[in-house]
Amino acid sequence: MAWFVFILVAALTIGGGLGVVLSRNVVHAALALLVSLIAVAGVYLVLFAEFLALVQVLIYGGAIIIVLLFAVMLTRSSDYPRISDNKQWPLAAVAALALLGVLVPAFVINNVAGTQAQNASFTGIGESLFTTWAVPFEIASLVLLVALIGAIIIARSGPGEN
Amino acid sequence: MMNDFDQVALLLLILVPLAGSLMMMFMPGDQSKESWYFAIFVAGISLILSLLVFFRYDYDAGGFQFIRTYEWLPGPLDINLALGIDGISAPLVLLNGVVLFGGVLISQTITHRIRDFFVLLLALSAGVFGTFAVRDLFFLFFFYELAVLPMYLLIGVWGSSTDFGTFLRTKEYGAMKLILFLVAGSILVWIGILALYVEASDNSAATFSLQGLAQLSESGQFDETFQTWVFPLFMVGFGVLAGLWPFHTWSPDGHVAAPTAVSMLHAGVLMKLGAYGIIRVGMFLLPEGAENWMPVLISLGTVNVLYGAVSAMSQNDLKYIIGYSSVSHMGYVLMGIATLDNVGVGGAVLQMVSHGLMTALMFLLVGSVYHRTHTRDITVLNGLASRMPVNTFFFAIAGLASLGLPGLSGFIAEFMVFTGAFRTYLPLAILAVIGAALTAVYILRLLARTFMGEADERWADLTDASPMEMSVGGAFVAIIIFIGVWPAPLMRVINVGVQTIPGV
Amino acid sequence: MVDLVWFQLLSAALFVIGLYGVMARRSAVLIVMSIELMLNAVNINLIAAASHMEGTGSFANFDGQLIAIFIITVAAAEVGLALAIILRMFRNRSTVNVDEIDLMKW
Amino acid sequence: MQWAWLIPVFCFAAAPVIVIFGKFLPTKGAFLSILAIAGGFVVFWFVFGSWLDADAATKGCFTSANTGMLSCDYERSWFNAGVIGAVGSVSLHWGILIDPLTIAMLGLVTFVALMVQIYSMAYMMGDPRFGWYFAVHSLFAASMLTLVLADNFLLLYVAWELVGICSYLLIGFWHERPAAREAAKKAFIVTRIGDVGLLVGILLIWRDVGSFSMLDAFEAVRTGAMSEGVATASAILLFLGAMGKSAQVPFHVWLPDAMEGPTPVSALIHAATMVIAGVYLVARAFPLFEAYDAVPLLIVAIVGLTTALMAATIALVSTDLKRILAYSTISHLGLMMLSLGAFGYTAAIFHLMAHGFSKALLFLGAGSVLHSTEFQETGEMGGLRKVMPLTAIVFSIGALSLGGIPVLAGFWSKDEILVAVNDNRNAAFIILTLFTALLSALYMGRAMFLVFFGELKDQNSHVHDAPLAMAIPMALLGVLALGFGFITFNWPGSFNGLGDFVFFGHAEEFHFEVWLGAVSIVLAVAAFMFAYLAYAKRSISMEATRSRFSGVLKVIENKYYFDEVYQWVVDKVVLVFSRAVAFFDRAIVNDIIVNGPADITRKFGIALRLHVTGHVYTYTLAMALGTVGLGIFVWVRSV
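Chains G, W, S and P are the protein sequences, given in the same order. Going by my numbering, the final residue of the first sequence carries number 162, and the count climbs one at a time with no gaps. Going by my numbering, the final residue of the second sequence carries number 1504, and the count climbs one at a time with no gaps. Going by my numbering, the final residue of the third sequence carries number 2106, and the count climbs one at a time with no gaps. Going by my numbering, the final residue of the fourth sequence carries number 3639, and the count climbs one at a time with no gaps.
Pulled out of the complex, with its shape left as it was, chain G reads as follows (with noise of 0.2 angstroms):
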């Protein structure tokens, strides 16, 4: 039962990559990514990593995806119907291949066979964080907090500008 939902989740995770890689339309694009994040969330729960599947839902189904959307809209890149790839595609077709067939044969090779994915209770987690972790976790809120002053700050329509 776990191979069915594993391989229907990573199917889904590489198609959505294609699509947002592939595809002509900015907007199919970015719907393309909702897919394969979405699949991510169920792969977490293949592994049983409920909390973050439910985080991976939450913070980029419904944050990261609006906001590519938005930006989307503020450019107006809709209007173009046909975005086309840069003439450099073949090249990076190429490289992103050799990388593949550089990590596959070290994945495979030294692979660790046998072992059992089991559930981490929430208690752990939440405990953990606010303990070992409590000061990465603080320095992340100060790193989410420059970067959205950073945004409003590059963003703003200065005076007389638009």
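Hints may contain errors.
[Unchecked claim] Selected chain G positions facing chain P (Cβ under 10 angstroms, derived; list incomplete):
# : residue
1 : Ala92
2 : Ala96
3 : Pro105
4 : Leu129
5 : Thr132
For the record, the hints were derived by calculation from the structure and aren't laboratory data. From a predicted model like this one, the values you see are computed outputs, not experimental measurements. We treat Cβ as the ideally placed atom computed from N, Cα and C, and that holds for glycine.
Mind docking chains W, S and P on chain G? Use the hints.
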């Protein structure tokens, strides 16, 4: 009082020009003449110091004197500012004092940015004083660089570009080439120094001090093969500055572009740094290496002599002729060194001093001619004798000294080099004597073409040498004649210095 | 159960697709999307490894998931900033295509 | 005797004083230089006197084993190269050597220099650089005297060069004239080439003997310490130097051009003093030359003979009065070298002095002619004896003496040479020498008759005879040219002939070869008669003789094309070679070896710059490829 002067003499000798140049940086204004007066004051002190140092050098005792060691970096590196002068560096220090004072005096004609000019000039001479007065390999290289680098700015900013029709020699080109050559040379030297240090550190006695390394080389620490591949590094590295044949092209181009005072210091003293380096580092520390490489050096020296003389014959620019003649005369120095013979090396050191004076005098006069006529092309200049009798007389003396007329210093030096060379490499010595005869051709061609003959109207209103130039020129001529007639006081010191070179 | 290696292959595939997207796409927005894909690929790999480790000791497989959380936060911040920059770019050069932005040319 | 070094020092001191304070002294310091040389002349007599009553016992004197003459040597150390006693160190000395040869030379140089300086007081009057002329004159006299007195080769070389420089300055005295400048430069460079031989010879001797002193060198030769190869090689090299200075065949081209200088200069330098330095050197280093089987002497004889013959022929055809005298000097120098080559040591010195006096006399006469008529071409002159009686008489005495007319000095010395050549060289030499004697009588007669006989041209009717200051020296020299010949005989009392005074090996008795003397008298008189008929009387038309030898004549007229050959060599070989080297230096060593690498680095830099395209995606691609590369690298290393 006098013996504690000895203690501090050499340190003063280096610090006075250095401090002078630093202080001058804070002097007000660029156009004011104060910086020139201050520079004369500083150069005067360093001249007096170098005179005191030379005449207090006790030539009976010989060896290193005025020894003073200031600890700089103890521990494994063992680098310390070890000062000391021996028979070879004492006359060269005096030469630098004299040429510096002369150069500063006649730099009256520098108009723009006078202050910075003297800052660099004094820094350069501090470097030269340092190189001659130091017994430590690291500091020798340190001052060697200090002496070379200001040349770039001095030529680049205050130089002059000349268009020779078929090719153009801008001052930037001259300065850039000069610096690139010298830095390339010093890289080789640096590699050599490090090789020495590493080789010496086998038995944990690694040091940068010359005497330390000399003792090690005597005790056989540097074996034959090591010496044979390290010596050429020093020979070529220092040889570049001494105008060794294949690496000489920077010198004439540097002269053409340089202002008068810089040319005087460049040919007068800087080229001697290279030859001094070969003796002090090459021959002192690597006697066997020197032994094996000497045939190469002496043949290159002979090529220098003949090549310089022949190519000077067909030059049309005054400074090019003198530039190539310095290449030829440095050839004598290199030959003298290569003879590894008591008289030959003594002749080489004397030639360094006498050639320094001669060329400085010639550049001084060319500078004064250029300042008045704004051209150095001998096809255009003629008949200057009627307008500038004093200049002509001085130029004649300098020219005759350089072609080796007896009674002037050139002859004594060349004669000793020939004597030394005759004992070791006969055929090359005969070639060098022919080279000396060739020198007569281009010197007389120069004298006949530019100074003799009737002056055409363009040079009708030329004024003779200014009192400043006359006094400096007169002093140089007097020294040249004095050395020519009675070289004993100078030779006593040089002999003692040459005596200490192992393998001579 | 599904072995770890499959998850690693999945993340590798996703990562490569994202990389291709970054290199091949002309529009800056799509490049940002592709970067998201790459980040998610890393997350998959991380969590797969974490959850396949035997739960030994206190921090068993919590750390994997926590790091993933931090990656997600950074990704979010990154998207915010990236899009702000893209807006600015669009406003100045009225184009989003990366081909036409080459001020840093030699 | 020890104060002999005072002679040159007087003049050395006079020269700078005149240069510096010349303007303030009366006659611009000329009297000072004359005073100096006169002082030298006086000291010479003291030296001569003290040498006469010195013997082997007096301090510093010894009868030298080589020459057999009593010679005294005093020296002081100059400076030493290398600490004394260290291996290879050399100590150099100043030193003077007094022996009959030196005394003869001292007498000749001081006397002639004195005469010429008095003469030039009048001759150079009004010249803008009057003071400078006398300064260089006394410097020349001083260096010539040092050369004669020197006891070691180094001092000899020093004086040798100084003499060369003074002749350069004096020839180029009127340096406004381009011809004078070129002549001066030519003179210096040609003699300088000879000096190379001299210096190499000296150093060769030093290399073998270990010291520069002549006495040690001769000692080494006599005792056989110096190997034959070194002795002959250094002798030939020394002779090379002598050839440069004494204008022997290949190096003679500079002497005729040196006539550009003022005439008193030619009288002093190019007749009586400088040019004989070469002969003096060969005489002084005679032991070297005649050591082993005297091969160098044979070379000296051959070169001497060819020079004498060739110069005599050219003198016969040249038209410029001073050029005739110049070629006659070269010819007589050749004769002196020939006599030395034929072991005629005393004869050579005797001829040297006789020729010195008469040639100086001839030049001074030519000078007074030139001074009043302002041109040198013999064609312009004629019949001047009517307007310049004293010069005519004096000039003819000189001409007759050199022509070889009996009773006069030239005859005796030439006769001595003939005797020497006859004794030691084969028949060919004798015939050619007699032929040269005939030629010299011929051209001397031609010169004399062309200038002073024949009808007086109107344009030089206003000509006045020489003023007093010029007349006295000429008269004195005339007396000497007349009477000098008689010192060869052995007079009653202590002095028995020049042979007993200056000799090599053993004193030579004067003996007169009757048949040789008769033949030379007949030749001389016949030559003068022919010259009288051809040039004074114009009875023998010269055109006929000219046309018969036209081919030969053309060659001789162009001075055997030496000048053209040298000029071609200088222009084509030397200057082209130096331009080529200069071009090589600029084009190849500079532009290719030096600028080459610079250009390559610059081009390489440009190429590298292209990868910065400005597009984001190229950079990401680069990053991707980098990662792939890294991956492969790690993978390869790990396997």
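Comparing the hints with the structure gives:
The closest approach between the C-beta of Ala92/G and any C-beta of chain P is roughly 6 angstroms, which is under the 10 angstroms cut-off, so the hint is satisfied. With 10 angstroms as the threshold, the beta carbon of Ala96/G comes within range of chain P, its nearest partner Cβ sitting at about 7 angstroms, so the hint holds. The beta carbon of Pro105/G comes within 8 angstroms of a beta carbon in chain P, closer than 10 angstroms, and the hint placing it at the interface holds. With its C-beta approaching chain P no nearer than about 32 angstroms, Leu129/G sits outside the 10 angstroms limit, and its interface hint is violated.
Proximity of Thr132/G to chain P is violated relative to the hint, the smallest CB-CB distance being about 31 angstroms (cut-off 10 angstroms).
Hint violations for this structure: numbers 4 and 5, all remaining hints satisfied.
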